[in-house]
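Protein chains in written order, with this note's numbering: chain A, 1 to 425; chain B, 1 to 291; chain C, 1 to 280; chain D, 1 to 381.
The hints are simulated quantities; they were obtained by calculation from the structure and are not laboratory data. Here the structure is a predicted model, which is why all the values come from computation and not from measurement. Don't take every hint at face value.
[Stated by the list, open to error] 25 Å max Cα-Cα, derived BS3-like pairs, lysine-lysine:
hint: 1; chain 1: D; residue 1: Lys7; chain 2: C; residue 2: Lys169
hint: 2; chain 1: D; residue 1: Lys34; chain 2: C; residue 2: Lys117
hint: 3; chain 1: A; residue 1: Lys65; chain 2: D; residue 2: Lys34
hint: 4; chain 1: C; residue 1: Lys169; chain 2: C; residue 2: Lys117
hint: 5; chain 1: A; residue 1: Lys95; chain 2: A; residue 2: Lys327
[Unchecked claim] Here are some, though not all, of the chain C residues that point toward chain D, as calculated from beta-carbon distances under 8 Å:
hint: 6; residue: Trp63
hint: 7; residue: Gln111
hint: 8; residue: Lys117
hint: 9; residue: Val137
[Stated by the list, open to error] Stretch-level coverage of chain A by chain B, calculated; a stretch enters the list once three of its residues show a Cβ under 8 Å from a Cβ in chain B:
hint: 10; segment: 105-115
hint: 11; segment: 246-253
hint: 12; segment: 277-285
hint: 13; segment: 292-302
hint: 14; segment: 337-346
Using N, Cα and C, we set each Cβ at its ideal position, and we do this for glycine too.
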Amino acid sequence: MKKFFAMLLTLALVLSLAACGGGSGGSGDSGSGSGDSSQAPADSGSGSGDSSQAPADSGSSSGDKVVRIGVFEPATGDSGAGGKQEMLGMQYGNKETPTVEIGGETYNVELVYADNASSADKAPTAASQLVSQDVSLVLGTYGSSSAIAGGPIFGEAGLAAIGVTCTNPGVTAGNDYYFRICFLDPFQGTVLANFASEKFSAKKAYLLGELGNDYDQGLLNYFKQAFETVGGQCVVDSFPTNTSDFSTYLNKAVAEGADVIFCPVSIAYSTQIVKLAASMGLETPILGSDTLDSNKVLDAAKGSGVKLYVSTFYQEGGSPDFDSGIKAWLNEDSTAMTNNGGDDTIAAVTAMGYDAYYVALEALKAAGSTDKAAVKAALPALTYTGVSGDIAFDATGDAIRDTAYIKTADNAAGAWTLETVQTVK
Amino acid sequence: MQYAISILLSGVSLGGQYALIAIGYTMVYGILRLINFAHGDVFMVAGLMMVYLTASLPLAAAIPLVLVLTVLLGFVIERAAYKPLREAPRMSVMISAIGVSYLLQNLATYITGGLPQMYPEIPGISKTITIAGAPTKVVTVVTPVLVLVLVLALTQLIHHTKVGMAMRAVAKDFETAQLMGIRINAVISVTFVVGSFLAGVGSVLYFTNYQSIVPLSGSLPGLRAFVAAVFGGIGSIPGAVVGAFIIGLSESIIKGSNWSIFSDAFTFALLIIILVVKPTGLFGEKVTDKV
Amino acid sequence: MSENVLKVENVTMQFGGVVAVDNLNLEVNKGEIVALIGPNGAGKTTAFNVITGVYQPTNGAVWFQGEKIVENHPQGKMKQQYKGEHAGDYPQVLAPTPDKVTRLGMARTFQNIRLWKSQTVFDNVLIAKHCRATSNVFTATFRLNRKEEAQQRENVLELLETVGLADVKDELATSLPYGKQRRLEIARALAAEPQLLLLDEPAAGMNPQETEELTSFIGGIRDRFHLTVFLIEHHMNLVMKISERIYVLDFGKLIAKGTPAEIQNDKRVIDAYLGVSEDA
Amino acid sequence: MKQTSKKSTWMTLLFVAALLAVVVILENVLDPNKNIMVFTALKKGAVYALVAVSMNLLNGFTGLFSLGQAGFMLLGAYTYAIMTIPAAQRDAVYYIYNGSAINFSLPELFGGGPVGLVLGVIAALILGGCVAAVVAWLIGLPVLRLKSDYLAIATLGFGEIIRAVFQWDKLGPVTNGANALKSFPTFSNFNIQNAGGETVLRLSTFMAFLLAGVCIAVIVLLINSTYGRAFKAIRDDEVAAEAMGINLSRHKRLAFVISSFFAGVGGGMFAMFANQAQAKTFTTAMTYEILLIVVIGGIGSVSGSCIAAFLYVAASEWWLRFLDAETFIGGVKVPLLRNGFRMVVFSVVIMIVVLFFRKGIMGDKELPDRFNRRRKEGAAK
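Generate the whole structure from the sequences, applying the supplied hints.
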């Protein structure tokens, strides 16, 4: 009896919390409306709702042939927010173009998801999940270390993977089956270092990254190299995982007399840093990498005097059709809206996800078959012009890109504006 | 100079916030000999509840409601996860605590979708002021004062009320207190209620300062607060407060130095050193085992 | 000197301001059965704990088989608090851990039975043999110590037969009746191959018949294993019947020593037991 | 008694051999892509089984509540990785630090080829275990004097310290800083290929099982030896154990060092499984996962830990995955199903086990015990 009571209490606790969150989920941000995330009615659109485990749904499209594209992205963990935005691009692409002509036949494209939880120890099983579900190729992942952990599994299965925004050189190096459509850390670091010295005539930079995060540390390293070659000086600092008190770090930057702060950290940390900078009235410009290109960060800076600059893959306005289309979709689909962080600002990773989806379709067309080996063979020669620019692969499978967009936050309007387009040869 | 002051300020406010969490640890440990691993997560959940509640309620209603719900959560956790294991070995209870912590974190991930949530601005204490040239929030100044007031109130409760006396008795000797007719379960519940209440207050102060909440937001402050409790001598409330300020300040100073990457490591190294050198902490009482 | 197996010399044990054992001196000779008696709280178990290394005495020394094994003098805060005598006589500090004392040849039982609960009767005794094993962790893991292991198992079996527990050897230790658990504890102590056996209230909680059996049992094992026995006991029947000499402790102080007959007629002992007012 | 124990030993050996054979056959008969989930889960299960058993040796058999397992796995994983990355790959892996400080790799030292691979991998794994063991010995000196939960929190802190040290960029030329170590031999390297590069015999899962199996067998032998019995005595009653001549600090340290050794080996195997080694993977959350496996399997049961490891991995990362996907049944969306729900359900299940099935799957019994008892009961009837 007592046990039963205890169990009941536990259940009640769980349910009440779930209900509490579900009931007002997504409305944490101002002006987003009370989008309900968990109990959303079935209007979430076939693109986002479908998954391989929806037998009823795949049944409804019976008769047509189906080609599956694996989505290897984090939906939980530190990179969950970014992963979700990246998936939005793919989902939108899938909604826009749900079919593909392969070898003269029309195939329905089905996205198959596997959550790698932003963690290298869950990535191999998530990757295996995709391999076992017979996908033709894989898109993802946000976060390079999961990509490195999952990569060999794809390689072994002869399955090609297209990295969307994993910028670490280690992802494609030594793995023939991993391609990517984004620029790399060395490029991004250099772009930002040059920008810092050109725009602000900065002589001293304070570099802050998460301890043990390869993405952050890689960028810090390249920024430092490039900044020092243009005659700058760097103070490099790292904070331990799960830090929430950044005031000391920002104060240190001020005390060091830094002209710019470079913090290529994940969304969870960057929102805190920007928010704190806003409340401190920090005047030193903050430079960020593609991870900071998020409406969450924009939100944190809104209404303050923070000078925020980020390098990114895509600038809103680059493709008006895409912009208006995806905004319409976001506004109509509450789940997608929540996943986008509660408003309809387009993150660069979303644009990249969108391009990745079309690259995948092109690859399928070029291969003329859904066979993964054929798809892999078709990839190296593929070229495609997406919303984020021209995409082609070099010998290691990396995208040949020489352009990055640098945006600044317009804190009055709460929007990004294009600052400049940086090119490095 | 300004830098030094800002470091001190941030250390003091951190210390105050850790103190409020540390008291919860130290009281529970004093009575149940249990490291309540879920305590830090209760703190995080309190923050999340605030985010969700302020979306639909005015602040004046949301804050008391959050405190009530946090207290309820602490109470329910104790009744559901610890009470059934009263007779079980200590290891089982601790594992149960880890399980609750795991559950709360996963639940938070599920509800927030893993997206960082922005804590609402609380008028009055969110405002930025400048002290000796160092910008900081009002909450930084409010925290130590509030901590002192709460701790004084708590010591009054413990030393001058019946339930406080019962708490001291249970902490001293569980079995004997039971034989003396003290209603153990009620006392333990009160302990959890007080601990959770303070964690709730702590979460308001903490997240007003550091506004973003992720499911893991509670784990590290929780561990640090526990270290503070051990440092001060587990079971001792003044000890927990002093320990928390020491941990908060030293964390802040280390972060300000060139060794910032070791700020967590330092906290734990301090813990290991204190445990080895003086296991009873600064103010703890010595307990000898009987053969 | 070689004749006494155990010699306790000016031992004082003080917990804070409380003197649990006050300047205790006693000797146990080879082959003897000696009892330590006294009212509850007289400091008997504390004396045992000092001898076996569980507590470090505040002052004094313990000799075992002619060798000094424990020695201490008041240190730190104790320097001021110390209420005993002979403070300057013991400059050295010797504080062996209980396991070391056991390996020197002294094994004990406990007042409140401390068997290994999840182990069988056989394993309880076998584990006590561990301290006599010569194998290291590698040879033991990879079974290179087969001979020794077999030898030990055989010894344990013999021992269990001697104490009359062979028929229950595969039972869980805690499933045995009380009297048998006491006996098992003694068997376990014997397995550690001691010269001196320390028994802490072996007859506690036993009925008269069990006590009777125990009396002859203790005598039996003393002869069989050539032991010296030092025991704490409340059952006067047992004590008077079995022991050759008796020490009486009251409030930490030795108040009498002698043969059973002498002790039975000692006025101070009778006072201590009947609670006649203390002059101190 | 002696006879039956010998018999059950043989039965166990036979069972393990049969299991290994089944693994080899399955891996080569089943379609490797369609069933890759099975093998990935099996590999991870094997690795976790070893780590869980090593934790059980400490928590279940010696009664020392340590939460440092992830830290020791990290040591093993890094040692393994650093020792086995091929010299030619080092510049690519350590690209930030312009190459590695260590420029040899054990498989190549052993002459390369299949023989070098096997010897090198085994040597590196053992070395990883040794590094973990040495560190355990050092920190065991002060830490093991602490009582139960203090020990837990101190070892937990130790794990955090180790992680910070390995992420320190000053050590970059050795540890590669924050970057992952990769390109070292993994389980897949044990698949035998013919000249054309086609895989003729798949041994990757078999290797995981074999390595984990050998280690677990050694642990079982230890547990049943005189030292293992001493550990159990310490767990049951420390005071009595000490009074019976068991040197507490020596035996505790021994258990700690041995457990850490195998956690180190397990860490090396984990790196082989995950295809990379990166400090941020080895978090406290990982220790908790392993602890929960031990609890679910039964504290003090080796076979329980093994079974629970496979169940845990399969359930959390495979069977329950459908809970993460939004699902429609007949056009109606199933409520609650969405990303993250899997872990909520899973943690509720864990709480139920912890609260209501406290003994776990096996209690403190072993698999052969169960069969023996059944046989005895059958005979009695």
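Problem - Violating hint indices (sorted, rising) - result: 2, 6, 7 and 10
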